[in-house]
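Undergrad: If you want the building blocks of each chain, they are given just below.
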Amino acid sequence: MNKLVIAATVNGDPVEFLTDPGGSLLDALREELLLTGTKEGCGSGDCGACTVILDGEMVCSCLVFAAEAQGRQIATIEGVAEGGRLHPIQRKFLDHAALQCGFCTPGFIVAARSLLDRNPDPSESEVRYWLAGNLCRCTGYDKIVRAVLDAAAELRQERRVEGELAA
Amino acid sequence: MASLAFHAPETIDQAVALLAANPAARPLSGGTDLIVQMRSGRIAPAAVVDLKRIAALTGTRRHGLGFAIGAATPCTALKRDRALAAAWPGVVEAANLIGSVQVRNRATMAGNLCNASPAADSVPALIAAGATCLIAGPQGEREVPVEAIPLAPGRTSLAPGEFVVEIRLPPRGQGGDAYLRSIPRTEMDIAVVGAGANLVLDGEGTCTAARIAVGAVAPTAILVPEAGAALVGTRLDEPALAAMAEAVRAACRPIDDKRGTAEYRTAMAEVLARRVVAIARQRAGENA
Ligand SMILES: Cc1cc2nc3c(=O)[nH]c(=O)nc-3n(C[C@H](O)[C@H](O)[C@H](O)COP(=O)(O)OP(=O)(O)OC[C@H]3O[C@@H](n4cnc5c(N)ncnc54)[C@H](O)[C@@H]3O)c2cc1C
Ligand code: FES
Ligand code: FES
Chain A
1 MNKLVIAATV NGDPVEFLTD PGGSLLDALR EELLLTGTKE GCGSGDCGAC
51 TVILDGEMVC SCLVFAAEAQ GRQIATIEGV AEGGRLHPIQ RKFLDHAALQ
101 CGFCTPGFIV AARSLLDRNP DPSESEVRYW LAGNLCRCTG YDKIVRAVLD
151 AAAELRQERR VEGELAA
Chain B
168 MASLAFHAPE TIDQAVALLA ANPAARPLSG GTDLIVQMRS GRIAPAAVVD
218 LKRIAALTGT RRHGLGFAIG AATPCTALKR DRALAAAWPG VVEAANLIGS
268 VQVRNRATMA GNLCNASPAA DSVPALIAAG ATCLIAGPQG EREVPVEAIP
318 LAPGRTSLAP GEFVVEIRLP PRGQGGDAYL RSIPRTEMDI AVVGAGANLV
368 LDGEGTCTAA RIAVGAVAPT AILVPEAGAA LVGTRLDEPA LAAMAEAVRA
418 ACRPIDDKRG TAEYRTAMAE VLARRVVAIA RQRAGENA
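These protein sequence lines are chains A and B, in that order.
The first sequence begins at 1 in the numbering used here and counts up by one.
The second sequence begins at 168 in the numbering used here and counts up by one.
Keep in mind that the hints are not guaranteed to be accurate.
Negatives, chain B to chain A, calculated, CB over 12 Å [stated by the list, open to error]: (1) Leu201; (2) Ala223; (3) Ser267; (4) Gly321; (5) Thr387; (6) Asp424.
The calculated DSBU-like cross-link candidates involving lysine-lysine, where the alpha carbons are at most 35 Å apart (straight line), are [what the hints assert, rightly or not]: (7) Lys219/B with Lys143/A; (8) Lys246/B with Lys425/B; (9) Lys3/A with Lys219/B.
Looking from chain B toward chain A, a few residues come up when the C-beta cut is under 7 Å (computed) [unchecked claim]: (10) Ala172; (11) Gly198; (12) Glu260; (13) Leu264; (14) Val268; (15) Ser349; (16) Ile350.
Bear in mind the hints are in silico, worked out from the structure with no lab data behind them.
Using N, Cα and C, we set each Cβ at its ideal position, and we do this for glycine too.
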């Protein structure tokens, strides 16, 4: 089978990888780029474990052809922490015990970050609707929602402090 | 998928040529139906023609006094066009009931329509709105009403090589539209019944035009002309609403399945039709 060579930007770095014409972006990330933080739960768009950011919008990478990524910007869970420093959403997931098996966690964190990047002060119901495409079979969701709301509060506080320092 | 070819043309003509050259080629918009069906083995196209790199197919714009929505525009982008969302809230809301945010960031109304599921959420809203499709193909362009596209579950009236270029919404006029669906959950489920309404009212509150469409109660989403006709000339009083609901009931030909019985679907179609008419009427009042 003839493979396609795809050039894209992943977590800010230019990358090139091979894919079958029908291969998914999820498989390319995991098997070609060895970025295995992004998980496959269902492969049909239902669970959100494979959530990545494609040109600024969150999508299920299982429902994107890898070939579609040509020239595009992709952000994955591997790019959420800055070096060794966890993102506040990641820390709050630990603080609130918002994970058990952890399989759904990368998808939830990428999705939650996408929400907080555009809405720093979401209501609980906004968080629940935004995360409706992410399934968790362990936690019962409450702890996840609390972790996201708490991370939002901390990020708002951080921004206030940064604003005051800048002023 | 052994010999699948992937194409990403940049013009409508290139896409027509690619699709016309290979009857087993399929257009790709958001892929939220197409890729799922390929994975499950339900379909095995020889080629996929990604429409998203064609500039004319992405984004929304004014078209005369109405709107044109590029066929490859994802549902979430519709909300960002304030004028569109203000003029046709029922259509924009219907498109944004589909799946999750992740799904809606990819899914398009054209894909929803051309997948030809009887339960497709945006389709009754588009039919009620009187939307049309601009179609490109080997024979050139043609424009048809949205309700002329789906023929049966999974089958459309598009000829080989043809695809939807844009969906056109007419000028809003003095009225309002609405769409509601019934599902057992609040998100991430397929409609058991869906209903769309679009009304035009005069200054006195008399209905001068009405279109009612229902989904998931027949092999395709359907326009119910008798339901609209029952409202025209009235002030949407109870006898008119009862006649409208009765016309909806008479048009339903639903199936029994795990999501709902035929009887339940028919009863809910009446309920939803009344509710969407009430919302459309309120919106019409706000636009007056
Ligand atoms: C998790 C999940 C939840 C979902 N929930 C809902 C829901 O609540 N309600 C609902 O209605 N649907 C739902 N869907 C189905 C799907 O998301 C929608 O039908 C969506 O609108 C399809 O659009 P698309 O752009 O992704 O289509 P695609 O998958 O790209 O295409 C669908 C079909 O249309 C053809 N096609 C695509 N574009 C064109 C064009 N421009 N011209 C001609 N043919 C074309 C394709 O060849 C294919 O046959 C869901 C899907 C998933 C995965
Ligand atoms: S693996 Fe993609 S949504 Fe479940
Ligand atoms: S922690 Fe196990 S699925 Fe969410």
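Undergrad: Please go over all the hints and tell whether each is borne out by the structure.
TA: Results for each hint:
Annotated as non-interface, Leu201/B brings its C-beta within 12 Å of a C-beta of chain A; the closest such distance is 9 Å. Chain A leaves Ala223/B outside its interface by the beta-carbon criterion, the shortest separation being 18 Å against a cut-off of 12 Å. Look at Ser267/B: its CB is around 2 Å from the nearest CB on chain A, not clear of 12 Å, so calling it non-interface is violated. Annotated as non-interface, Gly321/B keeps its C-beta farther than 12 Å from every C-beta of chain A; the closest such distance is 17 Å.
For Thr387/B, the condition that its CB be more than 12 Å from all CB atoms of chain A holds, with the nearest at approximately 23 Å. The non-interface label for Asp424/B is consistent with chain A: the shortest C-beta to C-beta separation is roughly 19 Å, beyond 12 Å. For the hint pairing Lys219/B with Lys143/A, the CA-to-CA distance comes to about 38 Å; that exceeds 35 Å, so the pair is violated. About 33 Å separates the Cα atoms of Lys246/B and Lys425/B, which keeps this hinted pair within 35 Å; it holds.
For the hint pairing Lys3/A with Lys219/B, the CA-to-CA distance comes to about 21 Å; that is within 35 Å, so the pair holds. Below 7 Å, beta-carbon pairs count as interface contacts, and Ala172/B has one with chain A at about 6 Å; its hint therefore holds. Contact between Gly198/B and chain A, as hinted, is supported at the beta carbon level, the nearest pair being about 5 Å apart and thus within 7 Å. A least Cβ separation of about 13 Å between Glu260/B and chain A goes past the 7 Å threshold, and the interface hint is therefore violated.
Among the interface hints, the one on Leu264/B is violated; its C-beta lies about 11 Å from the nearest C-beta in chain A, farther than the 7 Å criterion. Taking 7 Å as the C-beta cut-off, the interface hint given for Val268/B holds, the closest approach to chain A being about 6 Å. The closest approach between the C-beta of Ser349/B and any C-beta of chain A is roughly 17 Å, which is over the 7 Å cut-off, so the hint fails. The interface hint given for Ile350/B is broken, as the beta carbon of that residue sits about 12 Å from the closest beta carbon of chain A, more than 7 Å.
Hint violations for this structure: numbers 1, 3, 7, 12, 13, 15, 16, all remaining hints satisfied.
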